[in-house]
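Chemist: Sequence:
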Amino acid sequence: MIRSGDSLFRPSRSSLPRKDMWPVAVVASNAALPSELYWRNTFPNTPIPKPLQDLLLPGKISKPAHIGVQPNSIPQYRIYASDEQLRDKDYSYFFLQNQIHPGSILNLHFTKTTVGTTFLPRQVANSYPFSSANLPQILDRFGLNPQSKQAKVVQETIRDCEAPAADGEERFCATSLESMVDYSIEKLGNNAKVLATEVDHNKKNKGIDGELPKQEYRVEGGMMKRVFGDKSMVCHNQNYAYAVFYCHLTTKTTAYVVPLVGADGTRVMAAAVCHSDTSKWNPKHLAFQALNVKPGTVPVCHFLPEDHIVWVSNN
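So for the sequence shown, the UniProt record's numbering puts the first residue at 1; every next one is plus one.
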C-alpha cells in the first residue's frame with residue numbers, strides 16, 4: 001500500500017493505494033457510457049481495443065467511482081526522451097526489424113504501466129483543470145498534500161504533457177476517450193486502424209504480483225501481420241487520477257502485429273512499431289543502448305505494453 005508519507009514510493013501492481021484514492025463523482029447506469037457510444041458512432045465497424053475497453057467505467061456503478069494513482073513509470077518509450085528520462089534500464093521492449101521472423105527468440109516482459117484508473121466522460125474530464133498553472137487547484141480538488149508522492153506524479157504527468165514537441169513529432173495528451181478519438185481523426189482520418197498488445201492471462205504461473213514474468217518468447221510463423229500506413233500515433237497510458245493518454249504522432253513508421261509464445265506457454269498478440277528515421281532521437285535513448293546502434297543508422301522497433309495503443313493511417 002502506498003501512503004503519501006512513505007519514504008519509498010514503489011509501484012505496487014498487486015494492490016491499489018486504497019488510502020490515497022481520490023473521489024471522482026461519476027455515476028453510470030446499465031446503459032452504454034457516453035464514451036462508448038461516441039466510439040461506436042465514430043467507428044461503427046471497429047471494436048474498442050481491450051486496453052481502452054478496460055478503462056471504461058463499468059455499466060453497473062451505483063455510487064461514485066474512486067480513482068487511485070500509481071507512481072509514474074519512466075517514459076522509456078518516448079522517442080525524444082530527455083537525459084533524465086533515460087534512467088530505467090529495462091531494454092526488453094526494443095528490437096531490430098530483422099529480428100522479427102518465424103522462430104526468432106526475444107526476451108520480453110509484457111506489463112501494464114498503470115493500474116486502477118478509468119476514463120472519465122469528456123464533460124466530466126473537462127471540468128477538471130489540467131495545467132501546471134492550475135496545479136494548486138488540482139491538488140486541492142483531489143485532496144492531495146502538495147508534498148506527497150502522489151502530488152509529484154500529478155505534476156510530472158502534466159509537465160510531460162505540456163513539454164514542447166520535438167522536430168518531426170506532434171503530441172497531445174487525451175484526458176478522455178472522446179478527445180483521443182477526435183485527435184486521431186484530425187491527424188489520421190476516420191479510417192485509421194487501431195492496434196494493441198493482447199496477452200492471454202489465463203496462465204497460472206504468474207509472478208507474486210500477478211504479472212507474467214520476463215521470459216523468452218518465440219515468434220510464431222504464418223500469422224505476423226504488417227499494417228500499412230507511413231504515419232502512426234502511439235498513445236501511452238499515464239499515471240494520473242483518471243485515464244490520461246500521452247499520444248505522439250510520427251511519420252516514417254511501420255506497424256506490426258506479432259504472434260508470440262512464451263516459454264511458459266503464454267500467447268501474446270503483440271503490437272509493435274518500427275521507426276525508419278531515428279536521426280533526430282536523443283543519442284542516449286535506451287533503444288540505442290539496448291541495440292548497440294547509432295541514431296539514423298537502422299530502423300528501431302519496440303513492442304507496446306498492454307495498456308498502450310497505436311493508431312495507423314490506412315493509406
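Everything labelled a hint here was simulated from the structure, so no lab data went into it. Take the hints with a grain of salt, since some may be wrong.
Derived CB-CB ranges, DEER-like [unchecked claim]: (1) VAL293 to SER131: 26 to 32 Å; (2) GLU170 to VAL124: 25 to 31 Å; (3) ARG159 to GLN97: 17 to 23 Å; (4) ASN107 to HIS201: 17 to 23 Å.
Ideal Cβ placement from N, Cα and C applies to all residues, glycine included.
Chemist: Now look at each hint and say whether the structure bears it out.
Modeler: Verification of the hints:
1. As the Cβ distance of VAL293 to SER131 is approximately 38 Å, the hint placing it in 26 to 32 Å is violated.
2. The beta-carbon spacing between GLU170 and VAL124, approximately 26 Å, falls within the hinted interval of 25 to 31 Å.
3. Range check, ARG159 to GLN97: Cβ separation about 33 Å, and the 17 to 23 Å hint is violated.
4. Our hint of 17 to 23 Å for ASN107 and HIS201 holds, since their Cβ atoms are close to 20 Å apart.
Hint check: violations occur at hints 1 and 3; the rest are consistent with the structure.
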